[in-house]
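Starting from the given sequences, assemble the full structure and let the hints guide the process.
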Amino acid sequence: MLQAERTQTAVHPDSSVTLHQLAHARAGDKGERLNVALFAYDPDHYATLLEQVTEERVLALFAHRGASRVRRYPLPNLAGMNFVIDDVLQGGVNGALNLDGHGKTLSFLLLSMEVNSS
Amino acid sequence: MSFLLGSGAGFSGDRTDAAVAVVAELIKRQQPSALVFETLGERTLAAAHRAMRDDPESGFEPLLDELLAPVLRDCLDHDIKILGNFGAANPGGACQVIAELSTQLGRPDVRIAQVHGDDIRQQLHSLDLQRWEAERLDMPGDDALISANVYLGAKALSEALAMQADVVVTGRVADPALFLAPLMHHFDWRWDDWDRLACGMMAGHLAECGAQVSGGYFADPGFKDVPGLATVGYPIIEVEQDGSLIISKPANTGGCVTEQTVKEQLLYEVHDPANYLTPDVTVDLSHAEVRQLSPNRVAVTGIRGKPAPERLKTTVCYEGGWQGEAEISYAGPNALARAQLAAQVLRERLIFRAPAELRTRLDIIGLASVFDSDSGELQRSASASASGDYRLRLAAEHSERRWVARATQELLALYCAGPAGGGGVRRQFQRRVFTASYLVKRSDVNAHASLFESSPLGERRSERYVAS
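Sequences listed follow chains A and B, in order. For the first sequence, our numbering assigns the number 1 to the initial residue and increments by one for each residue that follows. For the second sequence, our numbering assigns the number 1 to the initial residue and increments by one for each residue that follows.
Treat the hints as calculated values from the structure; they're not laboratory data. Take these hints with a grain of salt, some might be off.
So, partial list: chain B residues that the calculated Cβ filter (under 10 Å) puts toward chain A [stated by the list, open to error]:
(1) 46
(2) 223
(3) 226
(4) 265
(5) 271
(6) 274
(7) 317
(8) 366
(9) 369
(10) 372
(11) 375
Each residue gets a CB set at the ideal place from its N, CA and C atoms; glycine is no exception.
What follows is the structure, encoded as C-alpha cells:
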C-alpha cells in the first residue's frame with residue numbers, strides 16, 4: 001500500500017515531500033554549465049513544480065557549489081521544465097577535482113528539494 | 001516507407017554487444033536503414049591525439065574491431081549503412097582497420113569513405129575565433145595545444161553516402177549529424193527545409209546516447225522501474241519522409257521506451273529548448289510532444305526548425321598539467337572519526353610537504369562526496385552514523401607530476417602512520433586535458449569526403465574521388 005500512502009501524502013494541503021516523490025530528472029553538462037530537465041510524473045503536479053521549483057530556490061540549492069545563475073525554461077507540453085545552471089561544475093569534466101566532474105549525479109540533488117504538494 | 005536509424009553505441013566504453021540485436025531487428029524489418037556508432041567524447045578525442053603522438057597507427061576508437069566484428073558482415077550483406085565517429089584523431093587508420101576486417105569477413109569489396117575537415121589545429125591561430133558564451137578560458141599557446149576540432153554538420157557525411165559508401169568514418173562531427181546524414185541522402189530533403197532538418201537532427205539527438213532513450217540511465221527502483229536492464233535494447237528510430245519520428249527498440253531485448261524515457265533524453269544536454277544549436281539547423285523544442293503509441297513505441301511531434309547558426313563550434317584541447325587521486329577505507333566501530341582524523345592528518349602533512357599552489361580536495365565517501373563543494377561544506381554539516389563504511393578520497397592537481405605523486409603518496413603513507421584500521425588504498429595519477437570552446441566561421445572550414453583506398457591490401461584500387 002506504499003503507493004496509496006504516497007498519493008494520500010501528496011494531496012494533503014500542508015504536506016511536505018521531496019521533489020523525488022513527484023518528479024523525475026536527468027542532468028547533462030557542457031563546459032561549466034549544467035542542465036537538469038525535470039518532469040512531473042503526474043501532469044496535475046506540473047503547476048506545483050512551476051510555483052515552487054523556482055530559479056531562486058534552485059540557485060539556493062546549488063549555492064554551495066558556486067552556482068552563479070539559474071534559468072528555467074518551462075515546457076508545458078511535456079509537463080516539465082529545463083534548468084540551466086551556470087558555474088556549478090567546479091571546473092567541469094576536464095578540470096574538476098570532484099569525483100563527478102560531469103555533474104551527472106546532480107539531478108538527484110535537485111530531486112532532494114522539499115516541496116509542499118497541493 | 002520509413003527509414004530506420006539504429007544505434008550501436010552511445011559513447012566510447014559502451015557495451016560492444018549492443019549492436020547485434022539492433023542489426024538483427026533492422027534485417028528483420030527489411031527497410032532502408034543505417035547503423036550509427038557514436039564513440040567520441042571531448043576527452044576521448046584528446047586521448048586519441050596523445051595516443052597518436054606515441055604510435056602513429058593508433059588515434060582511433062580502441063574498441064573499433066570489437067564493435068564492428070559482430071555486425072559488419074551482416075550490414076554489408078543487407079545494405080545497412082554504417083556511420084561512426086570512431087575515426088577520432090585518425091580516421092584513415094580506422095578505415096584501414098575496417099578494410100582489413102571486411103576482407104577477413106569475405107567482403108574485400110567494401111566501400112569505405114572518410115570525412116575530412118574537422119581538424120583545424122594547423123590553422124587555428126590564423127582563424128577568426130569567437131569565444132563560446134559559456135567559455136572562460138583563454139586560448140592556450142602552441143606548445144600546450146593537443147587538438148582543435150570543429151563540430152561538422154551532416155553535409156560531408158551525406159556526400160560520402162552519395163559516393164555509395166557502405167561505411168562512413170569521421171572524426172569530430174556533431175553527434176546527431178551521424179544520424180541526419182543518411183536521412184538527407186535517403187529522403188533528399190533540402191538543406192534549408194528547417195523543420196525536416198530539425199526532426200532528423202532530433203532523431204539523432206534521441207539515439208546518439210544509445211540506451212539512454214530506451215531505459216538506460218533511467219531506472220530508479222520503486223519509482224521508475226526498467227525490465228531487463230542487463231540486456232537493454234539500443235534504440236531504433238523510424239523516420240518518415242515528412243520528418244515524423246517514432247522511437248522503438250529491438251524485439252526480445254530489455255529496457256523500455258516510454259514517454260518518460262523519451263522526455264528525459266529529448267532535453268539531455270539541451271540549454272534553451274527554443275534554440276538548440278546544431279551545425280545544420282537551430283531546433284525549437286518548445287512545442288514538442290511525446291505520445292505512447294503502443295508498448296515500446298513513442299512518437300515525437302511538434303519539432304520545428306530555424307536557420308542554422310552562423311558559426312560552428314570548435315573544441316580545443318590542451319595540456320592541463322597533472323591530476324591524481326588516492327583513497328583509503330575505514331569501516332566498523334568509530335569508522336567516521338577515524339576517516340575524519342585521516343583527512344585532518346593529510347591536510348596538516350600537505351601544508352609542509354607540498355607547494356601552496358597544489359590544489360586538493362578531500363571527500364569522505366559515505367558521508368558526503370559528489371554533491372559537495374571543493375571546500376567540503378556539506379562534509380562539515382552532514383550527519384552520519386559513527387560506525388559504518390567510509391572511504392577517504394584525495395584528489396590533487398598541479399602542473400608538475402612530482403607534486404601530484406607526492407600528495408597521493410602521503411595518502412598511501414596513512415597505511416602505517418595514520419589512524420587504526422585503514423585499508424584498501426588505491427592510487428593513480430595522469431596527465432590532465434583542458435578544453436575550451438570557440439566559434440569559427442563556416443567559410444573557414446573545408447568539410448569534404450573521400451573514398452578510402454586501402455594501400456597494403458593492394459588488390460582493389462578504388463578511384464580516388466573527392467567532393468567538396
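Hints and how they fare:
A cut of 10 Å between beta carbons decides the hint on residue 46 (chain B): the least distance to chain A is about 8 Å, and the hint holds. The criterion of a C-beta within 10 Å of any C-beta in chain A is met by residue 223 (chain B), whose closest approach is roughly 7 Å, and the hint holds. Annotation: interface hint on residue 226 (chain B) violated; nearest CB of chain A at approximately 12 Å, more than 10 Å. Hint status for residue 265 (chain B): holds, given a least beta-carbon distance of 7 Å to chain A, under 10 Å.
A cut of 10 Å between beta carbons decides the hint on residue 271 (chain B): the least distance to chain A is about 5 Å, and the hint holds. Given hint, residue 274 (chain B) at the interface with chain A, holds; its Cβ is 8 Å from that chain's nearest Cβ, closer than 10 Å. Interface hint status for residue 317 (chain B): upheld, as the beta-carbon distance to the closest one in chain A is roughly 8 Å, under 10 Å. For residue 366 (chain B), the interface hint is violated, the least distance from its beta-carbon to any beta-carbon of chain A being 12 Å, above 10 Å.
A cut of 10 Å between beta carbons decides the hint on residue 369 (chain B): the least distance to chain A is about 6 Å, and the hint holds. Residue-level restraint check for residue 372 (chain B) holds (minimum Cβ-Cβ distance to chain A is 8 Å; threshold 10 Å). Satisfaction of the interface hint for residue 375 (chain B) is found here, the shortest Cβ-Cβ separation to chain A being roughly 8 Å, below the 10 Å cut-off.
Taken one by one, the earlier hints fail for this structure at numbers 3 and 8, listed in ascending order.
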